[in-house]
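Participant: Place chain B on chain A using the hints.
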Amino acid sequence: MTQPGDRNIVLSGVSLARQDRPLFAGLSLDIAELRVGLIGDNGAGKSSLLRLINGLLLPDAGAIVVHGLETKAQRASLPGKVGFIFQNPEHQIVFPTGAEELAFGLRCTGMNSKQADVAARAFLAAHDCADWADTSVGELSDGQKQHLCILAILVMMPSLVLLDEPFSSLDLPSRMKFMKMIAALPQQVIMASHDLDVFANFDRVIWIDGGKIAADGAPAQVIAAYRQRCVDSIGRAP
Amino acid sequence: MIAPYLTQKTWLHRVGAGHKLLALAVISLGFTQLYDGRGLLVATLAVLAFYLVTIFGHWSRLRLYAPLVPLLIGIGALQAYASGWELAIASIARLVAMILLADLVTATTPMLKMMDALAPVLRPLRRIGVDENQVSLAVALVIRFMPVLLNEWTKRGEAWRARTGRRPPLRLLAPFVADILRLADHVAEALDSRGFSTKRSKD
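Chains as they are written, first to last, in my numbering: chain A, -11 to 226; chain B, 6 to 208.
For reference, chain B alone in the conformation it holds in the complex:
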């Protein structure tokens, strides 16, 4: 299965995977600690500007995230109802900033580099009998497949719209989950047939 990696090299391609993941974690943590509404808005706009400058010319990438818009509006509405507009805007700003930053990391980091960066962090898991290589592959796959799944959801929605002329309803989730499970089976077979689960990569 294939998820978008930016072939055209940006300066961010040259930064080590470990550094990028660390920066992502620190900045994301920073965003959760930022409570001032105006400050948050400025920070999010700064992230957006940084994002647009970095992926300059590859705007179509943003279209991948279109399906998230209703979700963000839903979260915002719920927050606005429960705790007021200011908090709602703050929550959405946080989410948007984190999504954009995470996307920059996936767009500019080869997956094997990502796995190599994660493996040492996960090594302590070995003490409880968990193989860090398998966990790092799982994490990398989740990161890589997120945009793919969003794309699949859009396709399902389009098929629905083509047949009914209406917006896709929530119950479309059931066949979508079935799609994901089938996809997971195929990917697992592909990994298995190349010996991932039987022999371990060592570094």
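Bound conformation, chain A alone:
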């Protein structure tokens, strides 16, 4: 679990091209806060930044150290430390039942099938979701599917949880439930979202624009600046 000292994420001079187009050029960033939000337009680089932090993408130049692990050299150890929640739970859930979905991650960390199954069922039961162990995932609601995705990540005991637009397809009650759940997590959390209200109690918000940091700091100021830019750009539009 998270120790106060190993909560640092350091990007030094990171460059990354996507589809032959440069996105980040010499980006440097230090993140040590417990709750960090990423905002910005579509294509600004939020998802790419999250994918750089969990090693799904590797930088073309520069280095990224996440909780003591260098993403290029120690990529194999990252899944044990960094959990990733995707936008669409349908893409994340690859197994037909809840218990299998949780057990899969545990097996990837080296548990045998029996241990993984027992641990997965116990974890579901501890989170009041014992019913899901043998339920076909197709029968769960969208909110329940996203809940299952989060449990499947938490069961692996990561020290950092990354969320990429996790609530865009969820109704308001589900959103509120998950925000409460996320607020209570002991882990460090970095979340990208277009729903700016969810960042009210975060420690820091970073606005990314065209691969650069447009503003960075307390949620209220950064979000206000982003809103103003949006209003201005609509005003200028033909």
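Hints were generated in silico from the structure; no laboratory data involved.
We treat Cβ as the ideally placed atom computed from N, Cα and C, and that holds for glycine.
Hints are supplied without guarantee of correctness; some may be wrong.
Pair by pair, the computed Cβ-Cβ distance ranges are [as the list claims (entries may be wrong)]:
1) B:183 x A:161: 31 to 39 Å
2) A:145 x B:24: 32 to 40 Å
3) A:53 x B:129: 56 to 64 Å
4) A:31 x B:53: 48 to 56 Å
DSSO-like cross-link-like pairs, simulated, lysine-lysine; straight-line CA separation at most 30 Å [as the list claims (entries may be wrong)]:
5) B:14 x B:118
6) A:102 x B:118
7) B:160 x B:14
8) A:102 x B:14
9) A:168 x A:60
Stretches of chain B that chain A covers, calculated by requiring three or more beta carbons in the stretch to come under 8 Å of a beta carbon on chain A [to be verified]:
10) 112 to 122
11) 187 to 195
Facilitator: Chain B alone, transformed into the frame defined by chain A:
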């Protein structure tokens, strides 16, 4: 991505994955060796009856296979033209029986159990440098995603029909393939981010 697994337990849920896969292989082989038209028809009807009894009450499952009907008719027509009606009916009967049996296995077998059953069979591949865990995951994913892809195709067809009022043409295959590739990317990322390719499950 999610494919239908029958939550309601049938007796077939309790049969081991290895036994089911073996039975599927043996019966499928048997069907390829059965040439008598009447015998084939009887065997296929028997499979259909077995299928319906096993999934009793979950008939909507059959709707997943509706998109296969034109394909079966196409194959039948081609066969009828090339080698006569009897062979055409025999080919369709074989295909239907095998599809139904394969569906019973996927409906009643958790995927991790399927992978565990396949891994030892694939172990000799290690000699040529292939990791059996990755192959068994690939095979399991193909089995699981088949109904999902059929469902995606139906949705594409519906969208086409809604806009044109006509039957979906064959050239809809191109965007469909693009859909599949995008889906494959998402699933690969999800597997990757949980460490599948970097650390191996061991048993």
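Participant: Would you pick out the hints that fail for this structure and give their numbers low to high?
Facilitator: The structure conflicts with hints 3, 9, although it agrees with all the remaining ones.
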